[in-house]
Amino acid sequence: MLPAIILLAIWMIVPLALTIWYSFQNYNLQIPPPEWGGLINYEFLLTDPDLPRVLKNTLVLVFAPIGVTVVLGTLLALLYDGPFPGRPIARLLVIAPFFVMPTVAALVWKNLILHPVWGLVSWLMKSVGLAPIDWFSTYPMTAIVIIVSWIWTPFTTLILLTSLQSLDREQLEAARMDGARSLATFRYVVLPHLYRPISVVVMLETIFFLAIYAEIYVTTQGGPGTETTNIPFYIFSRALQGFDVGLASAGGLLAVILANIVAFFFIRAIAKQL
Amino acid sequence: MSATKKKRQKLLRAIVGWLVALIMFFPVFWMALAAFKTEQDAAALPPLLFFHPTLENFAEMSERVGYLRHAWNSISVSFISTIFALLLAAPAAYVMAFHGTNRTRAVMLWMLSIRFMPAVGVLIPIYLILVSVRLLDTTFALTVIIGLSNLPLVVWMLYSYFKEVPSEILEAARMDGARPLTQLRYLLVPLTAPGIASTALLSIILAWNESFWAINITATDAGTLALAIASFANSEGLFWAKLSAASLASVAPILIFGWIMQRQLVRGLTFGAVK
Amino acid sequence: MRFWKFMATTAVGVVVGLGAAQAETTLTIATVNNPDMVVMQKYSAEYEAEKGVKLNWLVLDENTLRQRVTTDIATNGGQFDIITIGAYETPIWGKAGWLVPFDDLPADYDAEDMLPTVRDALSYEGKLYSVPFYAESAMTFYRKDLFEKAGLTMPDQPTWQQIADFAAKLDDKDNDIHGICVRGLPGWGENLALVGLMANVFGGVQFDMDWHSAVNSDNWKEAVQFYVDLANNYGPPGVVGNGFNENLALMSEGKCAMWNDATVAAGFLFDPKRSKVADKLGLAQMPIEKWNKGGAWLWAWALGVPSSSQQVDEAKAFIEWATSKGYIDMIGEKEGWVTIPPGTRKSTYENQNYLDAAPFAKPTLAAIENASLVDNTMEPKPYAGINFPLIPEMQAINNYLGQQVAAALTGKMSVSDALDDAAANADRVLQKAGYYK
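Protein chains in written order, with my numbering: chain A, 1 to 274; chain B, 1 to 275; chain C, 1 to 437.
I should point out that these hints are in silico values taken from the structure, not numbers from a laboratory.
Quick caveat, the model's predicted, so the values are computed rather than measured.
For each residue, glycine too, the CB sits at the ideal point set by N, CA and C.
The reader is advised that the hints may include incorrect statements.
Cβ-Cβ distance ranges computed for the label pairs, FRET-style [said to hold, decoys possible]:
{"#": "1", "chain 1": "B", "residue 1": "63", "chain 2": "C", "residue 2": "233", "range": "18 to 28 Å"}
{"#": "2", "chain 1": "A", "residue 1": "32", "chain 2": "C", "residue 2": "346", "range": "54 to 64 Å"}
{"#": "3", "chain 1": "C", "residue 1": "103", "chain 2": "A", "residue 2": "125", "range": "33 to 43 Å"}
{"#": "4", "chain 1": "A", "residue 1": "35", "chain 2": "C", "residue 2": "369", "range": "55 to 65 Å"}
{"#": "5", "chain 1": "C", "residue 1": "51", "chain 2": "B", "residue 2": "189", "range": "52 to 62 Å"}
{"#": "6", "chain 1": "A", "residue 1": "35", "chain 2": "B", "residue 2": "129", "range": "49 to 59 Å"}
{"#": "7", "chain 1": "B", "residue 1": "26", "chain 2": "C", "residue 2": "175", "range": "52 to 62 Å"}
{"#": "8", "chain 1": "A", "residue 1": "192", "chain 2": "B", "residue 2": "189", "range": "55 to 65 Å"}
{"#": "9", "chain 1": "B", "residue 1": "26", "chain 2": "C", "residue 2": "233", "range": "27 to 37 Å"}
{"#": "10", "chain 1": "B", "residue 1": "260", "chain 2": "A", "residue 2": "17", "range": "22 to 32 Å"}
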């Protein structure tokens with residue numbers, strides 16, 4: 001029992017300790033060796049004029065896809081709850097995106113679907129006489145939210161669908177008998193039943209969406225300007241494009257602090273449900 | 001409700017249901033199609049739905065990166081890292097679920113929040129450690145790192161399943177003198193098997209799709225399919241067909257696995273927290 | 001407990017495997033997924049058979065490769081025996097002592113045959129630290145047929161203003177032909193590669209003599225405004241997503257009337273198998289404007305050996321093979337002369353087979369020979385380099401600048417604001433690096 005917990009604790013603490021150590025070093029990978037830098041990385045980070053924008057983008061990239069996936073997921077779950085011919089196969093098709101690697105998903109969307117010249121969407125728009133949209137420069141954030149939501153809506157659907165199927169059919173029938181209209185049934189019977197699984201979905205998605213980076217790396221590289229730079233990508237660009245290890249570590253700590261704040265306000269509110 | 005209305009409703013549901021399914025699946029389908037096109041056909045305008053299929057992209061892929069080795073690495077890393085994470089997580093989740101204090105929840109949230117720390121923030125320290133213990137480009141290192149990074153999630157999921165088990169059952173076992181490991185092995189694991197299965201599946205999927213560590217700490221020996229993709233992204237000249245082939249070859253195994261296992265995935269998720 | 005046994009066996013297996021692998025010579029080579037390197041990988045089987053060595057290949061896209069190799073070499077990781085690096089990394093890493101110098105090239109390799117400007121770009125303090133596999137400069141590609149139809153003539157040395165005028169006349173959106181294709185994809189090796197050149201000939205420098213960023217100067221703003229107008233008025237939709245590859249696809253599909261880009265593109269564009277415009281292309285030098293130097297870059301993809309390699313001699317032997325005259329001849333005969341790795345050796349440009357097959361050979365040579373890393377801007381500057389400064393902080397600074405230029409291109413910011421922000425960021429980065437207080 002104990003060894004496992006100790007190992008767990010080590011894993012939690014060692015990277016954190018290393019990150020704290022490096023966040024006080026002035027260390028550019030291309031100019032060795034590391035030197036003690038004091039607070040220089042924190043100073044640079046906290047006075048970065050882009051920081052507010054980056055924080056905002058991080059939150060947008062958490063909440064927008066959560067909103068989309070929960071709403072769409074609920075609708076799709078209701079849709080696939082009822083029987084129709086070929087439903088099992090249609091369901092398999094719907095959940096497929098969840099198994100696709102984020103990198104692959106982003107590459108496919110960027111090059112084959114949304115590309116303003118070769119992409120299928122552009123071709124469709126052109127063939128109905130509309131001007132094709134250059135998604136990643138005109139609506140870069142929307143485009144990334146679309147990709148992320150495409151990957152995660154199946155996950156939401158799957159969970160909510162399962163939950164719906166455990167809903168007491170007799171209760172539903174009773175509500176119908178009482179003459180409740182379908183909207184009212186949804187509001188007073190179905191939705192309360194889904195409250196808990198939605199909390200779970202929101203919590204899990206918060207974890208994953210706070211760490212979104214592959215989709216940004218493949219498509220917009222955080223741009224144009226800083227329009228789609230979130231914290232993970234900001235750190236990535238400083239660490240593996242600028243090779244500033246100290247700054248990247250300070251950014252990593254900032255990410256953990258932010259995550260804790262979100263956890264405190266947000267997850268706690270719904271964690272009571274769990 | 002009249003029979004005709006019911007019928008009409010069913011028809012409507014079928015139409016919308018299939019339409020949505022096809023739209024959701026379309027990008028995967030389109031990618032799969034492009035994988036069998038020549039580069040010229042893949043870039044053709046208007047897009048081609050009918051064309052002479054070719055296997056040359058797959059031939060080129062296996063020539064350049066060695067598909068089977070990467071696929072084997074993906075399989076072993078995702079399965080072993082999952083086993084590893086489960087073995088570590090189960091005792092921790094047990095302690096938290098049955099000997100928890102009022103701080104347990106806070107610890108759990110903190111643990112989950114560590115997962116938010118972007119991996120790139122610790123890349124250089126971890127790389128330096130791996131250099132000094134000579135474990136760069138080994139499936140062992142990749143397995144341990146991926147296993148550990150999925151650990152918080154696995155602990156949390158197991159915790160929520162264990163919580164569901166009535167403590168009286170454990171109490172009785174304890175009376176009979178069962179030690180914690182025995183309780184875990186003979187009581188909790190069988191009782192929460194569906195939950196454990198779905199946790200394992202989720203962890204396998206996440207490990208399979210993990211690309212950051214695969215790209216940054218492996219090279220020619222331990223590279224997974226996620227690394228193979230990077231050989232085909234964004235090269236000089238046309239590359240969409242080759243990229244699609246590499247993507248399809250990397251996604252297909254986990255997709256088929258996921259499809260087969262979807263019932264288990266769902267059953268577990270509903271067993272615990274999602275009920 | 002079976003699991004632990006398994007893990008232990010795996011670990012032992014890995015260690016034993018490493019030991020066994022070292023018994024025969026195995027070289028690990030990291031390279032970029034460009035077609036010339038893919039060809040090299042294909043033909044290296046012959047080298048393996050002949051020399052009895054085994055080559056393990058890691059082929060990655062350019063950005064991933066750069067991250068991967070930099071991480072490894074900076075931490076002395078020793079993962080690679082041969083790495084593919086560019087004219088940017090070589091002098092910086094040579095200075096850091098991370099690369100093995102090539103000061104003992106054998107006589108039959110004929111090091112004197114290497115083009116001097118390329119050789120200099122891959123040297124630090126007179127020592128060669130990587131050997132060029134292929135090298136490039138930049139030139140203007142244009143469609144002779146469209147120019148003829150419009151009654152226009154491209155001068156051998158155009159100015160940007162002339163290019164803009166031509167683009168205005170040739171732009172034909174109805175027929176899906178765009179006046180000009182330009183790089184818009186953000187990144188120091190993408191949009192800034194071009195914008196850096198434009199800034200030079202518009203009289204700009206990237207840093208003044210005190211290392212303060214000068215991208216907010218009037219000359220830079222004028223250059224970027226010109227670039228933005230040119231791309232938005234006469235470029236294809238989605239310019240900001242187009243890098244070298246995308247433009248190459250557009251040009252070879254016949255969708256651009258003009259394109260100013262890397263000389264290596266000629267190898268594709270003049271190849272009828274890969275290009276629809278192979279018989280319609282004209283060539284000119286890169287445009288100039290107020291100033292006549294620094295209008296074309298110099299870049300080389302080169303092979304180097306990290307100091308951490310345990311098999312320096314074997315690694316060097318492979319590199320000498322892959323960059324030899326014999327290799328170039330072999331590719332010429334087996335794959336076609338148009339597709340040989342260009343820009344590295346004088347003898348390539350004396351080979352009649354190549355000159356016959358490649359109408360772009362002479363202009364490429366001229367562009368490479370004229371490109372100089374120093375003394376190329378109107379005002380004095382403290383750094384070496386043409387379209388980017390050769391300093392370790394360059395990637396952090398220029399990727400940011402590239403994003404700001406992209407923001408200006410999409411109209412999210414004004415040119416002036418975008419460049420002011422970029423200049424402020426550059427000053428902050430250099431201040432942090434200790435260039436000044």
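Query - Violations among the numbered hints, reported as their numbers in ascending order - result: 1, 2, 3, 4, 6, 7, 8, 10
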